[in-house]
Amino acid sequence: MRGFPSLLLLLLLPLFLLRGYPPPAEAATVAEKEILLQFKSAVSQDPLGRLSSWTSSPTSDPCRHFAGVTCGASGDIEKILFHGAGLVGTLPPALSGLPSLQILSLVDNRFSGGIPPQYAGIATLHKLNLSRNALSGAVPGFLGDLPSLRLLDLSGNSFSGVIPPALFRRCFRLRFVSLARNNLSGAIPNSIGNCAGLEGFDFSFNGLSGGLPEEICRPPGMAFVSLTNNSLSGTVADKVSSCRSLEFLHLGSNLFDGSPPFDLLALTNLTYFNSSFNNFRGDFPAIGTCGEKLAYLDVSGNGLTGAIGPGIAKCRGLRSLSLESNRLGGSIPPEIGDLSSLSVLRLGNNEIRGRIPPEVGKMEFLMYLDLHNLQLSGEVPSTITNCRFLLQL
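Residue numbers (the working numbering): 1 to 393.
In short, the hints are calculated from the structure, not lab data.
Take these hints with a grain of salt, some might be off.
[As the list claims (entries may be wrong)] Label pairs and their in silico Cβ distance ranges:
hint : residue 1 : residue 2 : range
1    : 334       : 147       : 50 to 60 Å
2    : 160       : 103       : 36 to 46 Å
3    : 93        : 160       : 41 to 51 Å
4    : 124       : 59        : 22 to 32 Å
5    : 83        : 355       : 33 to 43 Å
6    : 172       : 353       : 22 to 32 Å
7    : 81        : 364       : 41 to 51 Å
8    : 235       : 73        : 47 to 57 Å
9    : 282       : 160       : 57 to 67 Å
10   : 81        : 358       : 23 to 33 Å
[Stated by the list, open to error] Under the rule of at most 25 Å between Cα atoms (straight-line distance), these lysine-lysine pairs were calculated in the BS3-like manner:
hint : residue 1 : residue 2
11   : 239       : 127
12   : 79        : 127
13   : 40        : 127
14   : 79        : 40
15   : 239       : 293
Ideal placement from N, C-alpha and C gives every residue a C-beta, glycine not left out.
Let the sequences and hints guide you as you build the complete structure.
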């Protein structure tokens, strides 16, 4: 009987261990399994065999055996995820019959055609990521009626036409939307201001035109805006200056004009600001206030004139400063040495003259210094040796 306590412990230990874990998910319904098999039938190529576990065998349960499928505790299918699987096919309308589907993520495959209108009925869907596929046609406005949608990513496809205003009609919970790298045209719809919880959007690398909508800053948490490589025009500062939560702003390679929007540097949360290769004109503005978090500033490829003022030293958090390919004159201000965190400084292809100030040696973390095609004179100061990480001059 001496071994009885040890034997009892062995029998009871699994019960104690299981108390900390949820019970296994129940099996998916026959109807949901049939829907998944319709998804498989819509796939014409599966080069990595990712769907090989999806069989119609009576003993095959999607919750336990189907790769890429996740179920809830009740056995309802909640997630379908296939990233980089090389799947070729179309999106089957039948997926709208999954009553608890929350995430549909098919990133980096080769699905073609459009998004079925039946998907307007997936009321539980909160993440739809179809980026980097071959989808085409118009961006469906009915996606704006999905009441639970938080993330919408259709980037890297071949969608064309305008961004439908209906996309932002009832976006109660939408946090982020990306339509980047498509063939979209027309204006950014004013309805984007309806999305009270929107924190960011990426419409870069399209053919969008017109100006920034007045409503762009209406969502109070707007933190990320990327519009690079479009044909957008008009002024910037008057539209964006009220985006108090803004952290990332990329407006490069557009047709924006007017005075350089340096007023935006005062935004306290801004860390990245790129307005390169636009049509901004006028003297380099006096910098009154610069947010402490600003780390990246690029206004290269515009028509800025005048001298770089000493106020640039107020942007003490800068790690990268690009002012090349403008028409800047004057000399390099010695105050630039106060940017002690700077690792990249690009001033080339301007009309700057004079000597390189010895204060550059104060930027000990400087790795890249571009002074090409300037009208500098004198010798390189010996203090440059203090820039111990310098890789290119």
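Checked hints:
A hinted range of 50 to 60 Å holds for the C-beta pair residue 334 and residue 147, which are about 58 Å apart. In this structure the hint that residue 160 and residue 103 lie 36 to 46 Å apart at CB is violated, the actual value being about 27 Å. Between residue 93 and residue 160 the C-beta distance comes to about 22 Å, which lies outside the given range of 41 to 51 Å. In this structure, residue 124 and residue 59 meet the distance hint of 22 to 32 Å, their C-beta atoms being roughly 28 Å apart.
Range check, residue 83 to residue 355: Cβ separation about 54 Å, and the 33 to 43 Å hint is violated. At about 57 Å, the beta-carbon gap between residue 172 and residue 353 misses the expected band of 22 to 32 Å. Remark: the range hint 41 to 51 Å for residue 81 to residue 364 is upheld by a beta-carbon distance near 46 Å. The hinted window of 47 to 57 Å between residue 235 and residue 73 holds, with their beta carbons roughly 54 Å apart.
Range check, residue 282 to residue 160: about 37 Å between beta-carbon atoms, so the 57 to 67 Å window is missed. Remark: the range hint 23 to 33 Å for residue 81 to residue 358 is contradicted by a beta-carbon distance near 57 Å. With a C-alpha separation of about 29 Å, the suggested pairing of residue 239 with residue 127 is violated against the 25 Å cut-off. Proximity of residue 79 to residue 127 is assessed by CA-CA distance (about 9 Å); at most 25 Å being required, the pair is judged to hold.
Of the supplied pair hints, the one linking residue 40 and residue 127 holds, its CA atoms being roughly 21 Å apart against a limit of 25 Å. This hinted pair checks out: residue 79 and residue 40 have alpha carbons roughly 15 Å apart, not beyond 25 Å. The hinted pair formed by residue 239 and residue 293 meets the criterion: a straight-line CA distance of about 21 Å does not exceed 25 Å.
The structure is inconsistent with the numbered hints 2, 3, 5, 6, 9, 10 and 11, although it conforms to all the rest.
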